[in-house]
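Novice: From just these sequences and the hints, can you work out the full model?
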Amino acid sequence: MGESITFWVLAVVSVVAALGLVFSRRAVYSALMLGVVMLSLAVLYAVQDAPFLAAVQIIVYTGAVMMLFLFVLMLVGVDSSDSLVETIKGQRFWAIVAGLAFAALLAFGIGNAFVAAPKGLTAATQGGNVPSLAQLIFTRHVFAFEVTSALLITAALGAMVLAHRERTAPKATQRDLSRQRFVTFGRTGKNPAPLPGPGTYARHNAIDMPALLPDGGVSPLSVNRYIARHEAEEGTLPPEIARVLEQDDLERRSNGHSTPTLAEDARSGPDTEPLIEDEDDEAAPHDQPDEAVTAGRIAPRPRSEEDGK
Amino acid sequence: MEPAEFIQHSGGAIGVAWLMIAFPLVGAAILLLGGRRTDRFGHLVGVVMAVASFVVAALAFVQLLGFQPGERRRLIPLYDFIPGMAKVGLLVDPLSISFCLLITFVGSLIHVYSIGYMAHDPNRRRFFAYLNLFVAAMLLLVLADNYVALFVGWEGVGLASYLLIGFWQHKPSAATAAKKAFIVNRVGDFGLLIGIFTIFATFHSLAFAQVFPAAHGASQGTLTAIGLLLLVGACGKSAQLPLQSWLLDAMEGPTPVSALIHAATMVTAGVYLIVRSGAVFQGAETAQLVVTIVGVATLLAGAIIGTAKDDIKKALAGSTMSQIGYMVLAAGIGPAGYAFAIAHLITHGFFKADLFLGAGSVMHGMNDEVDMRKYGGLRKVMPITFVTFLIGYLAIIGFPLLSGYFTKDGIIETAMEHNAVLGWLAVIGAGVTGFYMSRLVFMTFFGAKRWEATAHPHESPAVMTWPLIILSLGAIGLGAFLIVGNRFMTFLAPAVGAPEELPTFNPFSLTGLVTLALVAAGAAFAWFRYGAAEVPAVAPRGSFLTTFARRDLYGDALNEALFMRPGQWLTRLAVFFDNRGVDGLVNGLAAGIGGSSGRLRRIQTGFVRSYALSIFVGAALLAGAWLVVGNL
Amino acid sequence: MPWLSTLMGVSVLGALGVTLVRNDKLAKQFTLVVSLIVLALTVAMAVQFSPNGDKFQFAETYDWIPAFGVHYGVAVDGIALVLILLSVILVPIVVLASWHDAEKGKRSVRTYFSLLLVLEAMMIGVFAATDVFLFYVFFEAMLIPMYFMIGSYGGAQRSYAAVKFLLYSLFGGLLMLVAVIALYSIAGKGTFMFSDLVGTVQDVTTQKWLFLGFFIAFAIKAPLWPFHTWLPDAAAQAPAGAAVLLVGVLDKVGTYGMLRFCLELFPDAAKFFTPLVITLSVIGIVYGAIVAIGQTDMKRLIAYTSVSHFGFIAMGVFAMTTDAGAGATLYMVNHGFSTGALFLIAGFLIHRRGSQFISDYGGVQKVAPILAGTFLVAGLSSLSLPGLSTFVSEFMVLTGTYQRYVVPSVIAATGVILAAIYILWMYQRTMNGPTAESVKSLPDLNAREKWVVAPLIALLLVFGFYPKPLLDVIHPAVKDTLSSVSVTDPGAAVPVAKEGQ
Amino acid sequence: MTTHYLVLSALLFAIGGVGVLVRRNAIVVFMCVELMLNACNLAFVTFARQNGNLDGQVIAFFVMIVAAAEVVIGLAIIVTIFRTRRSASVDDASLLKY
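Protein chains in written order, with the UniProt record's numbering: chain A, 1 to 309; chain B, 1 to 632; chain C, 1 to 501; chain D, 1 to 98.
Not one of these hints is a red herring.
Calculated pairs, BS3-like style, for lysine-lysine (alpha carbon to alpha carbon, straight line, at most 27 Å):
hint: 1; chain 1: C; residue 1: Lys104; chain 2: C; residue 2: Lys440
hint: 2; chain 1: D; residue 1: Lys97; chain 2: A; residue 2: Lys89
hint: 3; chain 1: C; residue 1: Lys450; chain 2: C; residue 2: Lys25
hint: 4; chain 1: C; residue 1: Lys479; chain 2: C; residue 2: Lys208
hint: 5; chain 1: C; residue 1: Lys25; chain 2: C; residue 2: Lys104
hint: 6; chain 1: C; residue 1: Lys450; chain 2: C; residue 2: Lys440
hint: 7; chain 1: C; residue 1: Lys366; chain 2: B; residue 2: Lys180
hint: 8; chain 1: C; residue 1: Lys55; chain 2: C; residue 2: Lys468
hint: 9; chain 1: C; residue 1: Lys104; chain 2: C; residue 2: Lys450
hint: 10; chain 1: B; residue 1: Lys87; chain 2: C; residue 2: Lys468
hint: 11; chain 1: C; residue 1: Lys189; chain 2: C; residue 2: Lys208
hint: 12; chain 1: C; residue 1: Lys366; chain 2: B; residue 2: Lys171
hint: 13; chain 1: B; residue 1: Lys171; chain 2: C; residue 2: Lys440
hint: 14; chain 1: A; residue 1: Lys190; chain 2: A; residue 2: Lys171
hint: 15; chain 1: C; residue 1: Lys479; chain 2: C; residue 2: Lys271
hint: 16; chain 1: C; residue 1: Lys271; chain 2: C; residue 2: Lys55
hint: 17; chain 1: B; residue 1: Lys171; chain 2: B; residue 2: Lys374
hint: 18; chain 1: C; residue 1: Lys479; chain 2: B; residue 2: Lys87
For the record, the hints were derived by calculation from the structure and aren't laboratory data.
Specialist: This is the structure:
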């Protein structure tokens, strides 16, 4: 009876969580849903006379694997959320049809395979679950076990190899960077000096406060556009800063820059601006979104309807 | 009288009869393989080999005469040619030895003549090689004791003829004529081949010695079929209707070739074949009737063509056709005609060779001009040529007591007895012969000189005139020698049989007199038109009949319309069909597969999710199938 | 002594050796020597062959894949022996003829000659195989060296021709593979040995299907109409030497297979399909000849004449009389020599002038009389002039066929007229007439080329007048084959007195 | 009870499969694969109990190990792809096609 209650509760929880995993727009939510499923399953393992597996499930899966997932999610953009518009014709329809059919068939197929009551594991786990498992693993399945150790080492090595990136050009020294800045200055007139930090000549030593110019005006260069955009959404952006920024945008546009304007940014919603910084990338000024593009990196490919065809 | 039994023979000149073939063959091999090294003496080798062959033939003839008439069919086995089908051997009997003598004797004379005629040709050696090759093949043809070896010789002479007609192959007309001769001959050979197949299928043997004695046992239909098929072969080789068209073009070859191959010997091979296969023809009356009809038709057609030609060699070629028509007519009659056919063949060999060589001599003196309208009055400048030519002319028109008189008259008399219609047609042919031969002689040797300004006619050298003289002697006396007293008929009887009642020669028969009168009328008409009157330098247009004769009775036009054009059309169609139809089908199939693959590969979208979907659907289907199968 | 394995071994070792030689000229000489050694060994073997002895002689049998009853089994009967002789005679001639052929392109000269020797081993193997599976392996493996010889050393459209050749042959080969496996399982003997498989398939319907599997493969290989269109392309694009081996030997595997496998393994089906095969053959004879007349390219013309000739061979095989069968086998040999000579001499001519088109020539006889003369002889052998060996075989085929099938053989005999037209017309257009400006300076045959042509013409002449040595070997083998089909020759309608009576 | 567990397993497996098919974010796809593996593990554990045999649990254990290794490599690949393509969408890596 206890098992039944546990099962029905956890079954509902895990199925709902699994559906949530599939249908949530944000990857982080998906990850959390997966954690729920895994924990539910761990309990179900425990209920089914598999305490060791239940422990391993929690330690390895929920503990290690899920953390790994969250790390990677963080690397590729934690706030990114998928558009759930399907781009491949018929994909979703057929996927769901096949999924339902598969579930039904599988359920009918193996669900009815056993009619007898479970034998239970009492006979098989005389000396306790873990020692019995250990006996099996280190006797009958010892070869497979050894192979898995090789597999894990290979996986570790593989991850290192894949994550490693060979340097194709010598690392730029500070001298090189400085020279580069002045060359650029000579060619385009771009200010070689560091950008003004926020709060310089300001009343607040805060990052959302713009620097003031000697004449007391706002320096548009020091405004972090992201923050400004956020504040514009919330309506807390001081009007004087908004005016300065709009003026600056107008100037830039007339000069031929194609930087997204503040207004456009605000409309287009959160960007998938990458959070992974290449180790050898020139440290771009944090408040210059257009610098990220000019630093020579490939912008994310625009995702469009044509792509899916 | 029935033909004699076949007797195995060894020893003596007959035992080495193969030498007759071997000598010229070796000569040809030496001259062809020796290359330019043999240029200097090549012609002598050729002549020596031909003469050596003649000597063997003569010795064999003498030895053959030593046997009783009933023992004169001697077989000399040589070797197993195609096991189970044909053993090769030689058959020396009166028929074959007569041919051997004619071929080697006239052949030797023409070899000698060619030394002079071809003296200025850079390829004289090759010419003699081909001539030797021809002699060897012709001898194999007549000496063979079975149909396969005969066919080998038959095609061998065809090859030699091809090579010699096209000897001046830089001339497109010569090359075309050679090719035409070979192909038309092949049409005849096709018939001969089928005939041989039928013989083998019927008798399971191709040896004369086995087939002829058994021939009477075969059905009438089979024999008729064989006879008609052999006749097709004979028509091809002997330029009989409807396969006559090649002979006139064959005159593109050097004149000695025309004399030897296209007058004296090769073209008579058809007559030989019919006479040799007498045992088959005598069992098939329909076949014999067709043979006589073909003979008469050709003798008239050849004569008509001869009346209109201005080219001296073509006129003679028409005459050759016509004379062979006589022979075929006689050969179709049966044993009564065989002796006359062969006798006429031999005398014709002499006088026609004489005429051709005479024509060659004239051409030699006239810068190879062949148009008789540019001759005239040559009797003064070429006396020997003129006299010998005159003898040949008198012999061919059947001037009393000359060769042609006896042999042709014999044929006409026999034909008259056999079938009056055929006989009278043959008489008319004789009359036309009188006209066109007289025309030829008058235009060439009489009348005004119509030479080109550059021509300096002169008598030919002795090496050319002596053969003419010897041949003209034959043209004078040979007929009387063979026919009077039925000497030749008795001689041939062991080989071809003879009528029970030997004919008697009657010089004053009605037919003979009518023939003579017609010939005289023809000659007189020719004198009136061409001897006494002025001959225009350019041929007048003439009536429809003249055009008809000039254009070889539209034979070429007919061939062209019936075979050549549809053939070319068929060829183009077949090539088109092969490229577009058969090959197009295959290539179309390939293109179709390629195209559908190109479309099919679109499935590979590159989207991993599509692939995963197909895997997943597949897994679902498998699960379903497993359930269905498991529950059955 | 394991003669057949030795022959193949020498060729294969020679092929390996050639690849090791660094110098091209030395490699050629080495190839020539190896091929001559193989020729000498084969002649030594042929001398020991006794025509009236066992059907298969010099037999060697070793297990190859015991699990499936596959053997390495080789042996020869009279038919195989003469075809092996043909192959080993042609190889040295081809080596000599293609002395400079491979140098035109950028490909390795040594590879070409190595491929030649590999091909030689394969050709010996395919004719000698007595295991059906081994035969199939050789049958397919032969394609590989030939594919490279056409594809790497051929003319302008070589890759198209090579792929077409390969696809056609593979298609047929796969059908045969199916039939081979089906035969194995239906026979149920657990062996692929030919002698054990004969007579095992009794059911006529089964025989028909298996027969078709084999027959289509052989008909493509031969090639029989309408499977012929790969041949003109392949032969026209292949270098002359490879074309000789392709048409002269490789295609014979098709007709050889019909005689050996189609007749003996499936006698009832063979009888059932005879009218069809005879019809295809006759169509092929006439059609090939007519299309040959219309060709403008010399090599394609020769290839089409071969289509016509293969019609004769197939007709002879299926006429099922001793004369026709022996004639067809002899035809295979003679056709190799005759077409070989024709291809090689045409190759010499094309090599000199650099064009395959007939219209680019004219009056060559005047500048190169020996070349023209040998070309004429080869051409005459193609039109079966008596005195040349092709005549004997064509005569035997037609006579043998006529005894059973009158109308087909009469239609087939028109081939002799058409042959005269295509050969003589080609000869006239290339060799006769006024000498074309472009060929004015054409050199005549040189010594090497004379040595190439001379043996072929000598063989054509010798066997033209004395074919007995070959026929003595062929006759018993063909009789044996036909007796296993249980047909007897039709008798004479009118008996004649036997000789000596 | 066995049936219930197995049906739950099948359901989770199918949901995971559908997730693999409909989601474009490589990481989510990967999570769905993990879900499928877990569903399998549940079936294994259930079988172990049904048959009174620990082998099912051993297999489930191995599956976990393999899954861990797979996650390591898989995520590394995703990161690598992301570094070059600036995208974690599986649809963007579609160059390997016709």
